[in-house]
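Here are the chains, one letter per residue:
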Amino acid sequence: MTSYVRTEVYRNRRLPGDEGKLLPSICSLCNGGCGLLVRVNDAGYVEAVYGDTGNPYNQGKICPKPMEIVQTLYGAQRVDHPLKKVNGIFQRISWEEALSLVTEKYLEHWQTSGNSAIVGITSKIGGSHSKLALSIFSELTGLVTYGTGPICYDTEENVRKAMFGNGSASAPLADAVEAGILLIVGNNPAQTKAGQFHWVQEARYRGTKVVVIDPRYTETARQADRFLQIRPGTDGALGMALLHEVIAHGWYDASFVTERTNGFEKLAQAVTEFSPVRAEEMTGVPRRFIEELAWDLSTRKPGMLWEGRGVVCVNNAGNTLRVFEALMAILGNVGKPGAGIISHINGYGRAKGLVPGADVVKPERKRSAEALYSALENGEIKMLLIAGNPCANWPDCGRMQQAVSGLDFVVSHTLVLDDSARLADVVLPATHWLEEAGMQASVHRVMQWKEPVARPYAEAKSAGEIFRLLAAKMGLPVKYFPDSPETAWEWERTHNGDIAGITVERMRRTAGGVHYPCPESGEEAVRLFQNGVFSTPSEKVELVGSDVQELNYLDLLAAPGNRGLSRQEYPYLLSTVKVAAHYHTECQYSDWAVALEKPCVEIHPDTAANLSIREGDRVRIETPVGSLELPARLTWTVPRDCLFTQPYFTQTSPYGQVPANILFPAVTDPEGGNFVNKNIMCRISALEVAGT
Amino acid sequence: MKRIYFRVEYCDGCRACETVCRERHSGSRVLFMDREEEPVSSARITVERQGGTYWAVVCQHCAEAPCVGACMTGAMQYGDEGEVIHRVDRCVGCWMCVMVCPFGAVLPQPEERKAAKCDCCAGERRPACVAACSRQALWYGSPEEFEEKTAGDGHALSHYR
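Protein chains in written order, with the working numbering: chain A, 26 to 717; chain B, 13 to 173.
It should be emphasised that the hints constitute simulated quantities derived from the structure, not laboratory data. A couple of the hints might just be wrong.
To be verified - Using C-beta positions, here's what the derived DEER-type ranges look like:
1) Glu476(A) to Pro122(B): 47 to 53 angstroms
2) Leu712(A) to Pro122(B): 18 to 24 angstroms
3) Leu712(A) to Ser146(B): 44 to 50 angstroms
4) Val52(B) to Val302(A): 21 to 27 angstroms
5) Arg47(B) to His274(A): 50 to 56 angstroms
What the hints assert, rightly or not - Only some residues are given here: those of chain B computed to face chain A with a beta carbon under 7 angstroms:
6) Met13
7) Thr85
8) Met111
Just so it is clear, CB atoms sit at the ideal spot from N, CA and C, and this is done for glycine as well.
Hey, can you work out the whole structure from these sequences and the hints?
Following this line, the structure appears as structure tokens:
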């Protein structure tokens, strides 16, 4: 087996020994669902993490993130005991005291200001047990929570739900090997799904044409058959031109369109003006490549689509996603092997009826993610439960920090003392996902069970456990809370018909996991809609939603976040992008991560030359909501006049970097409700010259 | 298969190997020009000081190479003679080879976002670092030749355990 040594950290290394046990687990960082082997020493601590060659999906391949965990797990930043803030300083308290404090405040605010005075931002609440406990707690108290959705996938899920009736991926990534063409739009899986990227390559070796559409010449683009470098935010125009070509030449699957879809005429009407000539002007992609791609899509069947955050977390996402998915639908690329939409969204529905109607408390108010900011600021909300790091990974995080510090009572359930936890009144130590059992879904539409490999660090508790204890303290019926991850899954399974056939035993038994939906009969469905019946009320694909406006192309400069700004004042476009060694803010508390990646802003050399910026110079980036200093990195892989930086660096981490989200306004895409973290207008100026 | 061997007591830490390696892997192959190139070339051999001695870190072309196992794109692969070769065109810069190399011999090139390691100066009779090593601390040859060469000085492979 291997050890980890890097020249930078050569002397401080401690090699993982061969003693202890090698236990299997599933990585829960990016919904890729990679199998891991974890070396745990005799004392029960994690020594090293490897890829599990026995897992049929990742076949031993992983990215550096799970390996870095070893250093995060027992690092100096890890919270080991409940903490209470007294005069601005954290003091250790007992769990008993911490839970009493939370209960007292919770009941006080609930009684005086109603249940909508308390909200939760819970993107990192934990595994399946914790998620279920949170949803039961929400049902009993009327607590409204915001998960990963607003900062990651809400638009994608909503658009797909409206079109197909199901927001999750319709096909597993493993199907790509059977596809004729794989269209990757605004996505860089070579970095963001590194452990599963070999499926794309394998598909390519077997003859799948891999086409990447991206403004950057990404690592994925370098591995593709065809790369279309598109002007940022114009993917929708390209998609509409492809629809135009396919419809004008009659290349679509006519029988599928008539039998299985609604609204084809309206769709055809909406794209009539988007000829490849016009699309060339808008997107910068030469006309003949648009025509070639349309021809490829109609001749190379079945075809698959893999959209990434580059078209989801943008301000015209609704239109873009709808046209690309409509394109797949009219080509008949749904529900067949090698056809469909790949995504890391793996929703499987909610468990219904766990809490009887009489005990359910409805939230008095539900706010959109965008409206949450003002509600936090104007005193409507008094108390906040945090499991995640909204003060770094929500947009306009400077405003979020202000808003959070102005609240009466903030609880943070966290792994490390991060930007958000430092603003909390009570900090509760959380278990890491390696310390918690649970179900982890994957990009292959499988559910895998993971056992805890290490015992919880110090006094850490999972959210599943905490909500049960909290409910007991608050006088809520404890019988509704599962007492173990296994029980939680059993309850969830028996109250959700789609996964009724997936028992813990079955997941343990099956290498790689069980495909879902899998009803009581136990028959797995590898992909959705295999019988041609869709989950919409009409049982057909709704190519056009109730509002035809959705098909109108929305220019990114006229979309929320950029609307009304002067192009002269803010001439550049700013986006955030991710790399393999970092994904969440929790990944930076490792020496290895620090040695591998440094914060920077990527600039095209021509743009840099115009501004007299040289490699390594510190630059200031400004948007109407904030400003940030970063070193410049010149690279030909990005388009001119576009800046790219990384979203995950935070102030309390070893980097001490102001989070890039401080630059992004808290606006959402008009259709889906997803925050925007790409294509925002900004300006840049050189601060100091490197080396002086 | 031939590979680069290092004899610790011969090395005086002059770093000539690093310099010629950088030159050899630059576009112009001229030492004085390579700092002006983009991207700036870098050495694939690193001399580290440990106490009073020096140690040259260079790819060992492992028979069972962790980097080949960890590489998700197949950029790290075995050559015809069992040497480990790095196909730059397939590298996507996920840094897994960097993470798993037990010697720290794979180096990330942040500018190109690709990994780099010793290729034994493919196509040349003798690697540049070996040719430049005036103390002959670096030595290039097959294991049998190395054993023959170093017989009696404690380096012969058969003397290892």
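Is it true that Glu476(A) and Pro122(B) lie within 47 to 53 angstroms of each other by Cβ? 38 angstroms, violated
Is 44 to 50 angstroms right for how far apart the beta carbons of Leu712(A) and Ser146(B) are? 45 angstroms, holds
Using Cβ atoms only, decide whether Met111(B) comes closer than 7 angstroms to chain A, and label the hint accordingly. 5 angstroms, holds
Check the following: the C-beta atoms of Arg47(B) and His274(A) are separated by a distance inside 50 to 56 angstroms. Holds: the Cβ-Cβ distance is about 54 angstroms, inside 50 to 56 angstroms.
Between the beta carbons of Val52(B) and Val302(A), is the distance compatible with 21 to 27 angstroms? 43 angstroms, violated
Does Thr85(B) meet its interface restraint, that is, does its C-beta lie within less than 7 angstroms of any C-beta in chain A? 6 angstroms, holds
How does the Cβ-Cβ distance of Leu712(A) and Pro122(B) compare with 18 to 24 angstroms: does it lie in that range? Between Leu712(A) and Pro122(B), where Cβ atoms are some 21 angstroms apart, the hint holds.
Met13(B) as an interface hint toward chain A, with CB separation required under 7 angstroms: 21 angstroms, violated
The structure fails to meet hints 1, 4, 6 from the earlier list, while all remaining hints are met.
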